[in-house]
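Take these sequences, add in the hints, and give me the full structure.
Listed below, chain by chain, are the residues.
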Amino acid sequence: MNKKRMRLKGLIKKESLQIIRDPSSIGIAFLLPVVLLLIFGYGVSLDAEHVPIGIVIEKPGHLAMDFTGGFYNSEYFSPTVFSNIQEAEKALMKRRIMAICWIRSDFERRVLSTKDSPVGIIVNGVDANQAKIVTGYITGVWIKWLSQYARSKGLRLDAPVNVEQRIWFNAAVRSRNFLVPGLIAVIMTLIGGMLTSMVVAREWERGTMEALLVTPVRIKEVILGKIIPYFVLGMGGMAISVVIAIFIFHVPFRGSFLALTYASALFMLTAIFLGLLISTAAGSQFVAGQIAIVITFLPAFMLSGFVFDINSMPFPIQVITHIVAARYFVSILQSLFLVGNVWKIYIINCIWLMVMALLFFRIIRKKSHKRLA
Amino acid sequence: MLRRILALTIKEFIVILKNKKSRMVLIIPPIAQIIVFGYAATFDLKDVGVAIYNEDRGEVSRDVIARFQGARVFKIVNWIQSDREIAPILNEQKALMVLHFHEDFSKDILRGKGGNLQIILDGRNSNTALIALSYCRQIISDFNRAYSKRFRGVLPPARLKVRAWFNRTLNSHWFIIPGIVALLTIVVTLEVTALSVAKEREAGTFDQLLVTPMTPFEILLGKSLPGLIIGILEGTFIILMTCFWFEIPLRGSLLVLYSGLFVFLLSAIGIGLMISSISLTQQQGLMGAFMFLVPAVVLSGFATPIANMPEFVQRFTLLNPMRYFLVIVRSVFLQGAGFDILWTQYIPLAIIGVVSLAVAAALFRKRMY
Amino acid sequence: MASNLPDIPSKDDNAIAAKGVWKVFHVGKRKVEALRDCSFDVKPGIVTGLIGPDGAGKTTFMRLCVGLLIPDEGSLSVLGLDPERDYLKIQSEIRYMPQRFGLYEDLTVQENLDLYSDLLGVPEEMRKERYDVLMSMTGLGPFTRRLAGRLSGGMKQKLGLACTLIKPPRLLILDEPTVGVDPVSRRELWHIVYSQVEREGMSVLLSTSYLDEAERCQEVILMHQGEVLGQGLPHEFSSKVKGHSFMLRVPGGEKRRLQQELSNRNQVADSLILGERIRLVMWDALKPKEVKDTLGLSDKIEVESVPPRFEDAFIWRLKKRLMEKGESVRFKIITHKRVKGKRDEPVIVVKDLKRRFGDFYAVGGISFEVKRGEIFGLLGANGAGKTTTFRMLCGLLPASEGTLLVAGKNLRKARAKARVRIGYMAQKFSLYEDLTVLQNLRFFSSAYGLYGKRQRERIDWALDAFELIGEVDTVSKNLPLGYKQRLALAAALMHEPEIIFLDEPTSGVDPLARRQFWAHINSLSESNVTIMVTTHFMEEAEYCDRIVIMKRGKILAHGTPEELKERYHPEGIKNPTMEDAFIALVESKGEVANE
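Protein chains in written order, with my numbering: chain W, 1 to 373; chain X, 1001 to 1369; chain U, 2001 to 2595.
These aren't lab readings, by the way, just hints derived from the structure by calculation.
Treat each hint with caution, since some may be false.
Unchecked claim - The calculated lysine-lysine pairs, modelled on BS3-like cross-linking and capped at a C-alpha distance of 27 Å, are:
1) K2128/U / K2089/U
2) K1021/X / K2089/U
3) K2089/U / K13/W
4) K1020/X / K2029/U
5) K2320/U / K2371/U
6) K1020/X / K366/W
7) K1018/X / K344/W
8) K370/W / K9/W
9) K2019/U / K2043/U
10) K4/W / K2029/U
Since we're looking at a predicted model, the values are computed, not measured.
Okay, here's the thing in structure tokens:
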């Protein structure tokens, strides 16, 4: 075995032993993805169910009952009846109900005279997104009732244009299917950043770096010796995450595993480089920790396209998202899982990841040298 | 006693602010993040790419298309001629959806049969797909209404009159941006507190502190105040940005808002110090901070509603201080809520704060050697 | 690579040749000249000691030699190579052990050895043999599977040395290898170094602040404030002050006051308490009678001329140099409020004190009393249970069993107020590194409840008494070690405590600073302050009124230094030092305990 290989082997072994000795690293690499994926996979959903809705019928009648019956039959709602609008509004204020369906006393009279009778719908708009989704559900109930009513009266109320929707890649429109792959990217950013952001600073603080530097070891070997064990660890965490996504959450996987492995490796490297960069630049564990908290998790959460659609962001912000490595990985993962091998998307994002990885590596390389200060 | 606490607080501030890097970490990211996240975090769509596949030669389809062209949400990016072109466009995300008008679309409608408009959506992001779809339905429904009125003279017997309270235009920025107040303050507070005891343990100064006449309670206060002050300052900054930069209405009283911020900070500091006291090293402190922060953010209702979570996860979120503060901050901003409505949020927050602070203080002395 | 190795220098070439080397650092806004025009050679095949006080530039010089730093000016050649250009070659030819040798504490002894074997490219087949040699030499054989972090301080240093010696280098550079190491381990370290020099013919350059160790070097280079003061054989230095050294035998308890008085006399270069006696170094060579006359000593005091030690020469030389530069060499004497209460009344009472960690008794039942105004030493090898005892006394750790009273209270349970009566100086001078000197003092005085005028007075006092005035605004991270130590002591004294606890207060501190430190302690004791101190440094034990020697959580011996020297001195040694007695005691009793 030549000396170069021997040195590298020694460093890798050392780092691996340190990882094994510190149960928190193992915990982060394996336990964190499992726990987070399980909690989030079950917990994070944009699909509303059993939305509490208040129903106010000022003058009970056959038609009003018929209409509101639609809410009781729908799994999307869990309705409560209020005797007057004031009480319902109070409940809305207190967030006990999300929306009110308010049927006034003249509802039946106006419907029968086909006078375009209004049904008052009040939604709590604080959570605008949910409000929109709930409004959509209510519209669904209304349309259903309308066509039933028309049929029973023998009226021709066919709409001129009917919408026939087909949702590709995710026919059941399960939000989990896109959130879980995105989550994997966020978790991997954390793992890469968290595991490595302190490792270099720690060696300086404990004085081990000085002892290391005066051996014949090359600085490149020191860096590689740090990267390889954490890379293996991170890929292990990645593999577990993918297994959970496919077998527990039943997210379809339509791409090739080879492509997934390659992209994951590339992303893992980028995340680890970022961690090492923080560690090298910060100088102390204290500062490294602070920086890691601020610049790894939140950007990956907010700007990766994991929850918030990048295309809807203002242009300057879209430009900024390009410095968040997770964004490329989220895009790759969502395509590989739900669509298949879309090479154009895959290659473009991989190139971006590669550019970032190289850039980080260059900076690390430049910032680390075999001299003090 | 006050003087001792003050001295400790000043010391903590010097430690936090002395280092240029750590000073930057406290100041720059919150400013950058409120602006970037404020714009980035939205569920509302704009410029959704639409591809039109029109096999119909009639007039009606042109009218429908004109309505899509007129909508701000959509942007027609492509006109395609054949079925084969659909897949690549969606796969490669050139457009989010394809509107497909059949050959007989206009003919069917003129015959009074009703024409089918096929909408094919990229469901990769199911939320985006659903919202886009609901915009489409809106457009079609408006079209139908107008068309029926003009050419058939009939109207349905009832219609929905939807009003959204607190956020009339259902702008999702109004929902997300006040949430960022909670998000950034908890991050900053953890940053200040989660490593502070562990750092002193590693340096050996914590022993020095324990042999002084300071009681654990005093140490606790001295360690909490910097987090509290920094948290309130940063919170204020973000609130100001929310009001004046993003122009989100603040309808409730500042007193209610700041009481909430105060109790929230207490609980965040308590948890931060608790993590710090358990940790033997800064590395462990950092891991602890992440282990708390990540679930706390994701399961807070910040982006996805708690009500949509399964029962056991919902119960779990009762321990999450951010959950309560998010309700407070949003209700005060948009709803103008007062103590009468929000007291149910203050109490659990206060309990979390008191318990975690007490545990932290108890751990100061227990976790020795 | 092997093809373009330079010609290997012949045996006669110098291991290190420095010519006009300068190195300047910028610490904060200050410019520190770490090395000023240094020129000297380090000869091959011998042990050369780099001796000098804190801030002499020893560490900087060593770092230059291994290519960790680059000289600003001058030329440096190490084994005939240029450290700036050929640092990679140098790093494979020589070994350097930094002050805090970077052992990976979460790796076992064996794993640390394997790592360094890999890094140094030792072929697998040669390792076993080499490990066996090193393990038997260091006595670490039985502990190969123990985590390095769980070794005692002495064992850690031995392991560090073993790691550097895995591949015998041509030049070995050791930076303060014996700091924080107990006397037994220190002897072993020296033994290892010499056996390597003899067996492998390597050259060794080491720095130390223990001056008795200088005498074990074959050549000594004296440095001070970045300059070379001299180079030569250790005895050449000592012989220059022949006739300057005296031993005073002082009857009664007057030794402290007398030493304090003598230390600032113009004719005296150095004075030290050694048990019941005082060691004096005069500026001039004199006869015992002349000493008595010039100093005006009373007839009760016996004066005896003794052979000079290297330490005498070192202090003499250093102070002379300082005086030439116009700096003061007098020791500051601090004033402290006289503590009320009878002298000799017990203030610390320890009875059957035990402390258990799991199944292991770190302290296994010890009893002793400390009287008011006493300087009481807690001695022992690394891992003897001193620090655990100390932490229990200060209330940082609960005792598992037994009684323990400090000023009549158990500090663990006592209300915070009781803690005002004690002062504590932690190991390694734990200060807030990010705070300036003034901020540290302000913080600690406030923590002890001082404020307003009183606080200002005390801070002024501390700045003056501990000569910190010039460094008020220096961030304590950037202070030299000696200053840190003074600051730590000042911080512990802000509230004028009755009892102070000092945990290894002079570890790594140079001889001058050590003397100043003990001068302070002396004056505290004179003011009736009770002092409890742990130390590895046996000479310091001689300063104490009474000492306790611990091993494996038990008390081996206790009494005055004179008594212990008398009782335990090894056979055949005249005038044994405390170190002789300590080693004899620990080794003999140790074997008994093992059986």
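Against the structure, the hints:
no. : hint              : verdict
1   : K2128/U / K2089/U : holds, 26 Å
2   : K1021/X / K2089/U : violated, 36 Å
3   : K2089/U / K13/W   : holds, 24 Å
4   : K1020/X / K2029/U : holds, 15 Å
5   : K2320/U / K2371/U : violated, 39 Å
6   : K1020/X / K366/W  : holds, 22 Å
7   : K1018/X / K344/W  : violated, 49 Å
8   : K370/W / K9/W     : holds, 19 Å
9   : K2019/U / K2043/U : holds, 14 Å
10  : K4/W / K2029/U    : violated, 42 Å
The structure fails hints 2, 5, 7 and 10 (numbered hints given earlier, in ascending order).
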